[in-house]
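Asker: Build the complex from these two chains, which are given one at a time in their own frames, with help from the hints.
First to last, the protein sequences are chains A and B.
Read in order, the letters of the first sequence correspond to residues 502 to 931 in the numbering used here.
Read in order, the letters of the second sequence correspond to residues 12 to 188 in the numbering used here.
Honestly, the hints are just simulated from the structure, not real lab data.
Just so you know, not all the hints are guaranteed correct.
As the list claims (entries may be wrong) - Quick list of in silico lysine to aspartate or glutamate cross-link-like pairs, EDC-like style, CA-CA up to 16 Å: (1) K670(A) / D687(A); (2) K776(A) / E738(A); (3) K164(B) / E920(A); (4) K566(A) / E676(A); (5) K188(B) / D77(B); (6) K162(B) / D774(A); (7) K575(A) / E663(A); (8) K82(B) / D171(B); (9) K162(B) / E676(A); (10) K164(B) / E177(B); (11) K97(B) / D86(B); (12) K82(B) / E94(B); (13) K164(B) / E738(A); (14) K714(A) / D774(A); (15) K164(B) / D680(A).
Said to hold, decoys possible - Computed list of chain B residues with no C-beta within reach of chain A, every gap over 12 Å: (16) A41; (17) Q42; (18) K81; (19) K97; (20) A153; (21) K156; (22) K164.
Unchecked claim - Computed Cβ-Cβ distance ranges for the label pairs, DEER-style: (23) L740(A) / E64(B): 40 to 48 Å; (24) R93(B) / N679(A): 45 to 53 Å; (25) R855(A) / D105(B): 18 to 26 Å; (26) R93(B) / K575(A): 54 to 62 Å; (27) I71(B) / N809(A): 40 to 48 Å; (28) K187(B) / D842(A): 23 to 31 Å; (29) S897(A) / N143(B): 35 to 43 Å; (30) D77(B) / R931(A): 51 to 59 Å; (31) E562(A) / V170(B): 33 to 41 Å.
Here a beta-carbon is modelled for each residue, glycine too, at the ideal position from N, C-alpha and C.
In case you want the letters, here they are:
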Amino acid sequence: MKNKKMILAALVFSIGAWLGGQEEITIRIREGMPMIPVALPDFQVTGMAQPNDEINRMIHETLWKDLEFSRVFKLVPREHYAYISRFNPNAINFKDWASIQANILISGQLEMAADERIIFSFKIYEVNSTRFIFGRNYGGKKDLARMIAHKAADEMMKHFGEKPLFTSKIVYVSEMGNDRDIYIMDYDGLRPTRITFSNALDMLPSWSANNEKILYTSYRNLTPELFMFDMYSGKTELLSSGGSNYAADWSPVADQIVFTSSKNGNAEIYRKDMKTGKEKQLTFNPAIDTSPCWSPSGREIAFTSQRNGTPQIYVMDSEGSNIRRITMEGSYHDSAAWSPDGMRLAFVSRIENRFDIYIFNLKSNEISKLTENAGRNENPSWSPDGRHLVFSSNRSGRYQIYLVDYDGRNVRRITSGGENKMPKWQRVPR
Amino acid sequence: MKKFLFVLLTLSLILMFTACGKKAVKVAPAQEPVEKVEEPVTQVEKPMLSEEEIFQQKTIEDLNKDQIMKKINFDFDKYEVREDMKPILQANADWMLKFPTVNVLVEGHCDERGTIEYNIALGEKRAEAAKNYLASLGVKAANIKIVSYGKSKPLVNGVDEATYFENRRAEFVITKK
Numbered sequence: 502m503k504n505k506k507m508i509l510a511a512l513v514f515s516i517g518a519w520l521g522g523q524e525e526i527t528i529r530i531r532e533g534m535p536m537i538p539v540a541l542p543d544f545q546v547t548g549m550a551q552p553n554d555e556i557n558r559m560i561h562e563t564l565w566k567d568l569e570f571s572r573v574f575k576l577v578p579r580e581h582y583a584y585i586s587r588f589n590p591n592a593i594n595f596k597d598w599a600s601i602q603a604n605i606l607i608s609g610q611l612e613m614a615a616d617e618r619i620i621f622s623f624k625i626y627e628v629n630s631t632r633f634i635f636g637r638n639y640g641g642k643k644d645l646a647r648m649i650a651h652k653a654a655d656e657m658m659k660h661f662g663e664k665p666l667f668t669s670k671i672v673y674v675s676e677m678g679n680d681r682d683i684y685i686m687d688y689d690g691l692r693p694t695r696i697t698f699s700n701a702l703d704m705l706p707s708w709s710a711n712n713e714k715i716l717y718t719s720y721r722n723l724t725p726e727l728f729m730f731d732m733y734s735g736k737t738e739l740l741s742s743g744g745s746n747y748a749a750d751w752s753p754v755a756d757q758i759v760f761t762s763s764k765n766g767n768a769e770i771y772r773k774d775m776k777t778g779k780e781k782q783l784t785f786n787p788a789i790d791t792s793p794c795w796s797p798s799g800r801e802i803a804f805t806s807q808r809n810g811t812p813q814i815y816v817m818d819s820e821g822s823n824i825r826r827i828t829m830e831g832s833y834h835d836s837a838a839w840s841p842d843g844m845r846l847a848f849v850s851r852i853e854n855r856f857d858i859y860i861f862n863l864k865s866n867e868i869s870k871l872t873e874n875a876g877r878n879e880n881p882s883w884s885p886d887g888r889h890l891v892f893s894s895n896r897s898g899r900y901q902i903y904l905v906d907y908d909g910r911n912v913r914r915i916t917s918g919g920e921n922k923m924p925k926w927q928r929v930p931r
Numbered sequence: 012m013k014k015f016l017f018v019l020l021t022l023s024l025i026l027m028f029t030a031c032g033k034k035a036v037k038v039a040p041a042q043e044p045v046e047k048v049e050e051p052v053t054q055v056e057k058p059m060l061s062e063e064e065i066f067q068q069k070t071i072e073d074l075n076k077d078q079i080m081k082k083i084n085f086d087f088d089k090y091e092v093r094e095d096m097k098p099i100l101q102a103n104a105d106w107m108l109k110f111p112t113v114n115v116l117v118e119g120h121c122d123e124r125g126t127i128e129y130n131i132a133l134g135e136k137r138a139e140a141a142k143n144y145l146a147s148l149g150v151k152a153a154n155i156k157i158v159s160y161g162k163s164k165p166l167v168n169g170v171d172e173a174t175y176f177e178n179r180r181a182e183f184v185i186t187k188k
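Chain B on its own, in the form it takes in the complex (with noise of 0.2 Å):
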């Protein structure tokens, strides 16, 4: 009974001091004290895989899509490995040594300040440029086929020096593993 009335008293002081304040001068409420969210952080550790288990799990099409074996660059006109482009073929012939039933076509292609007939040649001969390399440094010449779309299918549309160096490429398709 008493905390009844008590109650009411501080409710009827509420109401009496809202009232009040409605005619006085407005108070700023009060700011509430932030409380903290915390949840303790679960170390959990994703297991790499390992190149291994990659190549086991994953279909060729992954394998392609990820760009297992990275592609490489031309010179305009011409079908010589670049210097800059010999690590990448290097780390192609490893990752091909590693897996050495893998099967890949090398595709040649060409920007498109090339005639169609001649692109065609300059594309084979671009394929066959990274054929030669990755044979060279022991990758069973077998395991190689290679094709030249010459300038039918560019990577990307433009008409700059970064795009047509884009379109002068050699690509590796993995087509068996």
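Same shape as in the complex, but just chain A (with noise of 0.2 Å):
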């Protein structure tokens, strides 16, 4: 009952919403909407092989964290399974899974092949209706179970209507003693690979917009300047000559990137076009203007600006003209990262000796707070899907890299070792 009120109330706010040109309240009933309540029992294991049961328990751990990550579903209680009949994959009770509140259940099969493949299949049932929705199967080398549990995971989101994300990568600045180069992790902080090898400072990474490159920011020549690593032929290409470049952003809709550079004196924002190689100055301005972030439309590009005397965020479409200033209160704002649904601006302010991250809605001029007095909160960027958002922080001592939910909840430390900064969400997985 609770459920049809919240569905009816998302109707009228959407028909609202249709006629008031208003895409944005939508989705935040969208986000205020229920979770699905999702039951994943034990998986069965067969196979010739003997049964490994470390694999078993990561796909499942890794599958049932990553539905709990997502604010789309939420798991129901382990304990509240053993009030009912043990789970048969063959023989499914229906009304014992409703009774225990499940709406969707997931029914897994671990197959250990003799090579050391596992082969994970799901089913996936809609308890009520006793209906199957869709299920798949993935084969694959058992060190990559957790991704076959995050490809499932994202397999419910997409089909559920939400965008996948547990497939996608961070890439990140770890420092391990005086070395600081540049990594990939998981979504979830797991399995980090280092991408490179400098004795320089290497910072400031960002993904193309097909995932296949990275472009950052190294003192290996002595002056910042931008690279791209191809993450597929493992080439580097020096991107910039003269000055100090940095802070660059891929343009999510075509092969142009924007960055900073001080090529001709002063910090200016840059596009340049990666098929050409043609560049073009935006901004013209003896103040520092810094941080360029595309929207998702590409149509327009938010940065950093001390033209008013102190650091602000601007908002310019994507030729450098209709300049306007987004920040209107506080002294110092920095790291605009635009939200998926090119609704919101993340950015760090400033107050006092602290750094927190809020939250501007571009429709409303709404700001919210995200992270609480905890440190210096810095380099906010969106999960693909715009329910998430990770940075870095040094409220446990050294820079850390943190996740937290777009409501300022769950938020959680991912990396630990070292000191690792500057994360960068894929927009899209692969």
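Answerer: Next comes the structure, spelled out in structure tokens:
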């Protein structure tokens, strides 16, 4: 009944939004929708090889954590399974699962082949209608077990009309000892892989639109310059020349990047066509202009400018015209990140000696605070589905990487050891 | 022979005296006079190296280690050269004018109370301001290169204003002499 009310409310609001021409309200209601209760009983393990409990548990746990993280699904507590008869994938007693409030039931099967390969199959049932909804089979080497679970979770998201995010990666800077290099990791902080091996400072990495390339800034030739690393060929290319060049962001819709350069003497924002190599200067101001970030449509660019005395967030169109100021209060803002729905800008604000992340709603002009008075919180970046953000913070001493939901809930640290910072989430998982 | 007897007598007397002494009240031994040891000081004067000789003899690394070119500090969030830092820049400029073959790299740095991206720009502005000031004093601009490290390379660690002040700086690194 409660659900029906919510849907009705959503419908009314949707119509209102449609009449008012404001999509944003629909989105907010969607975010407030009740989460779908899912049951994920233990998998059935088959195969000739020795049953590998570790792999079995790894897939189950990863899938469980992904769904729990989603804010779309919620897991029926495991303790409740004890009140009903043991799950039998061949004769499912849907009434039992309905009795513990499960709407969706995931039946998983893990097959261990002799050659270290695994096949994971899952079937999704709707409990109330006792209907089979969809299923998938994934095969792969056993060290890809986590990826297999993430793929299954992404399929769940897609099937329920949501954007996949669990197979997405985060690129970041890790400092171990004196080395500071670029790494990538899964969204949950696991499986880190080192990308650069220089003795100089490597920093501010970001993804190309197709996730095949990583742009970053390196001091390997003494001054900060832009480099592009190709994930598949392993080749690195120098993109800039002259002055300091940094903070590159790849357009989500075209082969173009924006970045900060002082090649003409002052920090200005430039756009570069990656096909022709042609560059266009977008800002012309004796003050500092930096930290450009494309809107999801590729039509606008958010950036930081000190043209009115202190660093503030501005937005211009992608040709450099129509510049307007976004942040009106406070004395220090930087690192704007555009949400995937194009409605919100996350950015860093300095108040006294702290940095906190705020979210500015471009339609309602409302500002909400995402992080609360805990050290310096920097470099926000949105998840592909816009429900989460990744950022770095020194709240526990040295800088580490954290995830947080769009409403400030569920803050969790995903890195440890050394210092880890400047995270950038892929816009779309591959 | 006489001498021998005299010595013997004296020795026995001493023995007697010490033997008696054991029974008698302890007598403090007489203090030996302090002998003064002296050595004439050789008046050698180290020849003072002239600025030119220091410049000729020392390597670039040593010149940098000795901080021949002194660093300057900046105000919070600012990149204008402070009045009290101008004499330091004057001295740096004088030195560079004396040795016109010298090339320097001006490194701009920031304290940790800025974001990474903005601090790179701010540090560059600081290095630029220092460079422009040196150039205004007659130093060839072509001999001065700049780089900004933002907040990547703090000089000291800490969370007080003194620390932040130390870290908001422009350093002058000699790259060629």
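Asker: Each hint: holds or not?
Answerer: Hint check results:
1. Between K670(A) and D687(A) the CA atoms are separated by roughly 5 Å; this keeps the pair inside 16 Å, and the hint holds.
2. The straight-line distance between the Cα atoms of K776(A) and E738(A) is roughly 14 Å, inside the 16 Å bound, and the hint therefore holds.
3. This hinted pair checks out: K164(B) and E920(A) have alpha carbons roughly 14 Å apart, not beyond 16 Å.
4. Straight-line distance between C-alpha atoms of K566(A) and E676(A) comes to about 28 Å, which puts the hinted pair past the 16 Å bound.
5. For the given pair, K188(B) sits about 15 Å from D77(B) by alpha-carbon distance, which is consistent with the 16 Å threshold.
6. For the suggested pair K162(B) and D774(A), the alpha carbons sit about 30 Å apart, so the restraint of at most 16 Å is broken.
7. For the hint linking K575(A) to E663(A), the alpha-carbon distance of about 15 Å falls within 16 Å, and the restraint holds.
8. Between K82(B) and D171(B) the CA atoms are separated by roughly 20 Å; this puts the pair beyond 16 Å, and the hint is violated.
9. Restraint check: the Cα-Cα separation between K162(B) and E676(A) comes to about 14 Å, which is no more than 16 Å; the hinted pair holds.
10. For the suggested pair K164(B) and E177(B), the alpha carbons sit about 12 Å apart, so the restraint of at most 16 Å is met.
11. Taken as a hint, the K97(B) and D86(B) pair is honoured in the structure, with Cα atoms around 14 Å apart against an allowance of 16 Å.
12. Of the pairs offered as hints, the one joining K82(B) and E94(B) holds, with about 14 Å between alpha carbons and a cut-off of 16 Å not exceeded.
13. Between K164(B) and E738(A), the direct Cα distance comes to roughly 26 Å. Violation of the 16 Å bound is thereby established for this hinted pair.
14. In summary, the hint linking K714(A) to D774(A) is supported, as the alpha carbons are separated by about 15 Å, within the 16 Å threshold.
15. Of the supplied pair hints, the one linking K164(B) and D680(A) holds, its CA atoms being roughly 13 Å apart against a limit of 16 Å.
16. Its beta-carbon lying about 68 Å from the closest one in chain A, A41(B) satisfies the requirement of being farther than 12 Å from that chain.
17. For Q42(B), the condition that its CB be more than 12 Å from all CB atoms of chain A holds, with the nearest at approximately 63 Å.
18. Every Cβ of chain A is farther than 12 Å from the Cβ of K81(B); the closest lies at roughly 22 Å, confirming the non-interface assignment.
19. Here K97(B) stays apart from chain A, with its beta-carbon at least about 22 Å from theirs, past the 12 Å limit.
20. Distance check on A153(B): its Cβ is at least 14 Å (rounded) from any Cβ of chain A, clearing the 12 Å threshold; non-interface status holds.
21. For K156(B), the requirement that its beta carbon stay farther than 12 Å from each beta carbon of chain A is not met, with the minimum near 8 Å.
22. The claim that K164(B) is not at the interface with chain A is violated, since a C-beta of that chain comes within 12 Å of its own (minimum 8 Å).
23. A hinted range of 40 to 48 Å holds for the C-beta pair L740(A) and E64(B), which are about 46 Å apart.
24. Separated by about 32 Å at the C-beta atoms, R93(B) and N679(A) break the suggested range of 45 to 53 Å.
25. Separated by about 43 Å at the C-beta atoms, R855(A) and D105(B) break the suggested range of 18 to 26 Å.
26. Distance hint for R93(B) and K575(A): a CB-CB separation of about 58 Å, consistent with the stated range 54 to 62 Å.
27. In this structure the supplied range 40 to 48 Å holds for I71(B) paired with N809(A), their Cβ-Cβ distance being about 43 Å.
28. For the pair K187(B) and D842(A), the supplied restraint of 23 to 31 Å is violated, since their beta-carbon distance comes to about 54 Å.
29. The hinted window of 35 to 43 Å between S897(A) and N143(B) holds, with their beta carbons roughly 41 Å apart.
30. Against the hinted window of 51 to 59 Å, the Cβ-Cβ separation of D77(B) and R931(A) comes to about 54 Å, which satisfies the hint.
31. Remark: the range hint 33 to 41 Å for E562(A) to V170(B) is upheld by a beta-carbon distance near 39 Å.
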